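Sequence order for the protein chains is A and B.
So for the first sequence, full-length UniProt numbering puts the first residue at 1; every next one is plus one.
So for the second sequence, full-length UniProt numbering puts the first residue at 1; every next one is plus one.
Watch out, some of these pointers could steer you wrong.
A short, non-exhaustive set of chain B residues, derived as facing chain A with CB atoms under 7 angstroms [what the hints assert, rightly or not]:
#1 161
#2 174
#3 238
#4 398
#5 417
#6 456
Calculated cross-link-like contacts (lysine to any residue; reagent style SDA-like; alpha-carbon spacing at most 25 angstroms) [to be verified]:
#7 A:187 to B:240
#8 B:313 to B:296
#9 A:101 to B:240
Simulated DEER-style distance windows between Cβ atoms [to be verified]:
#10 B:344 to A:39: 54 to 62 angstroms
#11 B:356 to A:175: 44 to 52 angstroms
#12 B:503 to A:41: 31 to 39 angstroms
#13 B:393 to A:41: 37 to 45 angstroms
#14 A:60 to B:498: 15 to 23 angstroms
#15 B:113 to A:93: 46 to 54 angstroms
#16 B:96 to A:41: 36 to 44 angstroms
#17 B:46 to A:92: 45 to 53 angstroms
#18 A:60 to B:113: 26 to 34 angstroms
#19 B:356 to A:32: 45 to 53 angstroms
#20 B:461 to A:39: 24 to 32 angstroms
#21 A:32 to B:332: 29 to 37 angstroms
These are calculated hints, taken from the structure and not from any lab test.
Note that this is a predicted model, so its numbers are computed, not measured.
Beta carbons are placed, not taken as given, at the ideal position from N, Cα and C, and that holds for glycine.
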Amino acid sequence: MAKEAQQQVSYTVEELVAVNPYNPDILADLENYVNEQVSSQKYSLDANLCLLRLYQCEPERMSPPIVARILIKALMAMPAQDFSLCLFLIPEQVQSEEQFKTLIVLSHYLETARFRLFWDEVAKNRSLLESVPGFQQAIEAYAVHVLSLTYQKVPRAVLAEAINKEGLALDQFLEYHVANSGWAIEKSQGRSQLIVLPPNEFNHPELKKNASDSVSYEHVTRIFPVLS
Amino acid sequence: MAAYDADSSAGGDLAYDPNFVPDSVKTFVVHLYRQIRDKNVYEIHQMYEGSFNRLTDRMFRESPWPTAEAVAPYVDGDHVFCLLYREMWFRHVYARLTPTPKQRVESWDNYCSLFGVVLHGVVNMQLPNQWLWDMVDEFVYQFQSYCQYRAKLKNKTEEELQLLRNFDQAWNVYGVLNYLQALVEKSNIIQILEREKEGLEQFTVDNGYDYQGGSNVLKMLGYYSMIGLLRVHCLLGDYRTGLKCMAPIDLSQQGVYTNVIGSHISTIYHYGFANLMLRRYGDAIREFNKMLLYILKYKQYHQKSPQYDQILKKNEQMYALLAVCLSLCPQQKLVDENVSTQLKEKYNDKMTKMQRYDDEASTVYDELFSYGCPKFITPSAPVLDEPLTNYNQEAYRLQLKMFLFEVKQQQLLAGIRSFLKIYSTITVTKLAQFMDVDEATLRTILMTYKHKMHSTDNDGKIVSNADIDFYVDDDTVHVVEAKPTKRFGDYFLRQILKFEEMISELEKVQLD
Numbered sequence: 001m002a003k004e005a006q007q008q009v010s011y012t013v014e015e016l017v018a019v020n021p022y023n024p025d026i027l028a029d030l031e032n033y034v035n036e037q038v039s040s041q042k043y044s045l046d047a048n049l050c051l052l053r054l055y056q057c058e059p060e061r062m063s064p065p066i067v068a069r070i071l072i073k074a075l076m077a078m079p080a081q082d083f084s085l086c087l088f089l090i091p092e093q094v095q096s097e098e099q100f101k102t103l104i105v106l107s108h109y110l111e112t113a114r115f116r117l118f119w120d121e122v123a124k125n126r127s128l129l130e131s132v133p134g135f136q137q138a139i140e141a142y143a144v145h146v147l148s149l150t151y152q153k154v155p156r157a158v159l160a161e162a163i164n165k166e167g168l169a170l171d172q173f174l175e176y177h178v179a180n181s182g183w184a185i186e187k188s189q190g191r192s193q194l195i196v197l198p199p200n201e202f203n204h205p206e207l208k209k210n211a212s213d214s215v216s217y218e219h220v221t222r223i224f225p226v227l228s
Numbered sequence: 001m002a003a004y005d006a007d008s009s010a011g012g013d014l015a016y017d018p019n020f021v022p023d024s025v026k027t028f029v030v031h032l033y034r035q036i037r038d039k040n041v042y043e044i045h046q047m048y049e050g051s052f053n054r055l056t057d058r059m060f061r062e063s064p065w066p067t068a069e070a071v072a073p074y075v076d077g078d079h080v081f082c083l084l085y086r087e088m089w090f091r092h093v094y095a096r097l098t099p100t101p102k103q104r105v106e107s108w109d110n111y112c113s114l115f116g117v118v119l120h121g122v123v124n125m126q127l128p129n130q131w132l133w134d135m136v137d138e139f140v141y142q143f144q145s146y147c148q149y150r151a152k153l154k155n156k157t158e159e160e161l162q163l164l165r166n167f168d169q170a171w172n173v174y175g176v177l178n179y180l181q182a183l184v185e186k187s188n189i190i191q192i193l194e195r196e197k198e199g200l201e202q203f204t205v206d207n208g209y210d211y212q213g214g215s216n217v218l219k220m221l222g223y224y225s226m227i228g229l230l231r232v233h234c235l236l237g238d239y240r241t242g243l244k245c246m247a248p249i250d251l252s253q254q255g256v257y258t259n260v261i262g263s264h265i266s267t268i269y270h271y272g273f274a275n276l277m278l279r280r281y282g283d284a285i286r287e288f289n290k291m292l293l294y295i296l297k298y299k300q301y302h303q304k305s306p307q308y309d310q311i312l313k314k315n316e317q318m319y320a321l322l323a324v325c326l327s328l329c330p331q332q333k334l335v336d337e338n339v340s341t342q343l344k345e346k347y348n349d350k351m352t353k354m355q356r357y358d359d360e361a362s363t364v365y366d367e368l369f370s371y372g373c374p375k376f377i378t379p380s381a382p383v384l385d386e387p388l389t390n391y392n393q394e395a396y397r398l399q400l401k402m403f404l405f406e407v408k409q410q411q412l413l414a415g416i417r418s419f420l421k422i423y424s425t426i427t428v429t430k431l432a433q434f435m436d437v438d439e440a441t442l443r444t445i446l447m448t449y450k451h452k453m454h455s456t457d458n459d460g461k462i463v464s465n466a467d468i469d470f471y472v473d474d475d476t477v478h479v480v481e482a483k484p485t486k487r488f489g490d491y492f493l494r495q496i497l498k499f500e501e502m503i504s505e506l507e508k509v510q511l512d
């Protein structure tokens with residue numbers, strides 16, 4: 001057993017998850033990896049799902065703080081659906097604990113674009129969320145993403161509410177994106193600013209490539225013998 | 001070993017003598033053994049599908065077959081043959097009778113021995129793919145059945161509880177997953193499929209069979225185990241990992257998985273369900289549509305098959321799931337006409353109700369989801385102290401709850417869609433008035449629509465599932481009808497290959 005433990009150290013956690021995921025012995029490694037993801041701002045959904053599955057099989061070994069961290073990291077991955085993927089693996093009794101109920105409410109607000117309510121709730125739960133660096137920026141990125149799907153030109157007030165910034169902080173944010181992300185600012189009929197978001201296929205339908213008609217290279221190679 | 005308890009819960013047939021081997025069974029096992037030794041796959045298939053079922057119908061409708069020990073003398077006591085025979089023996093008990101707790105555990109032991117032998121690489125047989133699929137399928141089924149069984153603790157006798165205590169390793173989830181994983185790895189199936197893409201393997205062309213005198217058993221068990229892993233992960237609620245296990249198989253083409261109808265249906269059903277839970281409604285609709293069309297066309301050819309009932313059941317379940325997907329994500333152009341007609345016949349009323357998104361809608365979503373979903377399981381070992389409860393529904397209740405929560409979030413979108421259909425441009429203020437909400441709420445609804453109608457695929461790319469789309473310019477909503485997606489490229493490729501085939505067939509015709 002000792003020899004095996006030595007051998008395991010030389011595998012990275014990612015390798016363990018890929019090669020030997022159904023193995024209760026890697027539970028501690030996976031828990032450490034969650035903490036590593038938090039402190040170094042990395043993220044691995046597969047490793048976290050692996051850990052949640054192990055908790056599912058051995059509920060006595062489940063650690064609520066670790067699960068909370070996994071869920072916060074999943075929230076930060078939005079618009080990807082990681083949060084619900086994790087919840088599918090967490091039993092109902094666990095989900096009804098206070099901190100998890102809060103996280104579920106936060107996810108609900110983000111899923112339904114209720115940013116005002118979201119940031120209010122965040123303010124009430126600073127301690128829970130401040131333990132994960134990068135949380136604020138990740139949610140801001142998600143908000144910008146949803147706005148980019150929806151708007152060609154978005155009023156300043158709407159943006160402000162979505163990313164929870166006002167006044168000077170908002171101006172700095174805008175400056176940064178104008179310089180680096182192709183944003184532009186217009187004046188809108190004497191009222192406040194209009195932020196012009198860069199065009200993509202979702203807010204500019206004419207840009208939508210008829211992607212479904214493109215044929216993959218692999219499929220084209222199938223007719224090479226015929227063509228020759 | 002396999003002693004059939006005459007006074008067990010299976011309504012003991014006291015006339016059954018486990019060691020009596022009727023002549024027809026003698027002949028059967030002798031012939032089967034010989035065909036396996038001679039590697040006559042076609043004959044083996046005839047005996048496996050035909051003779052076995054005919055004998056069952058005639059003599060073993062309500063009792064098990066003779067034990068493996070009883071038939072062993074007629075097959076030189078061949079160890080592997082006995083393992084195979086026993087696997088069929090237990091499968092028959094599960095299908096026609098009710099397995100006793102002891103039998104459940106013994107079946108697990110048998111699978112461990114059987115897979116152990118295969119994994120050691122010493123099996124030299126060629127068996128029909130149908131048989132190999134049935135093994136993996138049954139393995140997962142018995143696992144699911146056992147989890148359901150041991151989660152119902154309320155009415156268990158002390159004897160049954162003791163058995164659970166003593167054999168706590170039987171059907172444990174790690175064991176099941178690790179066997180499937182081991183079969184995938186040891187068979188090298190993933191590498192084989194990769195190499196096939198470069199033309200270095202004939203796997204699909206040969207339907208997995210080995211025409212060089214080798215064995216197809218490990219390879220095919222490995223292949224089917226990928227589907228087995230998809231299924232187990234769906235039962236646990238881990239849809240993403242399930243789909244990853246299936247990734248080496250290209251579902252956009254025919255493949256070995258389509259050649260046995262059971263494996264075809266199981267693959268598409270679980271793939272579709274996983275995508276439904278991942279909100280990738282477009283993918284789910286596409287695959288369910290293809291499968292339902294196939295069943296519509298070809299089910300008449302399977303009427304005599306022992307799997308016919310299963311096929312029909314899965315068919316109905318997929319219609320229910322398709323109805324759900326289309327209600328959450330209306331799409332005119334993804335469903336074939338014939339399938340659409342069937343769907344309307346079965347679920348037109350219910351789909352109308354679901355798209356209204358009120359409380360009644362919730363009930364219908366609940367009903368259809370519950371009918372169409374797999375039998376979820378709780379993988380953890382039961383806690384065998386008082387108080388004893390039945391918790392076999394817990395896993396299902398969790399998945400249902402999560403699904404209905406998602407439906408509720410999409411409730412806001414009901415009104416929006418109907419307005420988007422009528423207007424090409426409309427101001428935010430006006431639209432808010434029509435929908436009887438304030439402007440801020442309307443903006444929220446618009447963003448929710450966008451978020452929910454766009455899913456993230458495995459590489460993180462955003463894909464639109466929306467049939468009606470829009471963008472907002474300051475305070476005006478501009479509606480965009482999604483372009484119909486005609487797949488010309490794919491169509492031409494297929495026609496080219498088809499004609500090429502026809503031409504070469506014609507060229508072979510010799511005129512006198």
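Verification of the supplied hints:
no.	hint	verdict
1	161	violated (20 angstroms)
2	174	holds (5 angstroms)
3	238	holds (6 angstroms)
4	398	holds (5 angstroms)
5	417	violated (15 angstroms)
6	456	holds (5 angstroms)
7	A:187 to B:240	violated (45 angstroms)
8	B:313 to B:296	holds (13 angstroms)
9	A:101 to B:240	holds (23 angstroms)
10	B:344 to A:39: 54 to 62 angstroms	holds (55 angstroms)
11	B:356 to A:175: 44 to 52 angstroms	holds (47 angstroms)
12	B:503 to A:41: 31 to 39 angstroms	violated (60 angstroms)
13	B:393 to A:41: 37 to 45 angstroms	holds (40 angstroms)
14	A:60 to B:498: 15 to 23 angstroms	violated (59 angstroms)
15	B:113 to A:93: 46 to 54 angstroms	violated (38 angstroms)
16	B:96 to A:41: 36 to 44 angstroms	violated (58 angstroms)
17	B:46 to A:92: 45 to 53 angstroms	holds (50 angstroms)
18	A:60 to B:113: 26 to 34 angstroms	holds (31 angstroms)
19	B:356 to A:32: 45 to 53 angstroms	holds (49 angstroms)
20	B:461 to A:39: 24 to 32 angstroms	holds (29 angstroms)
21	A:32 to B:332: 29 to 37 angstroms	violated (50 angstroms)
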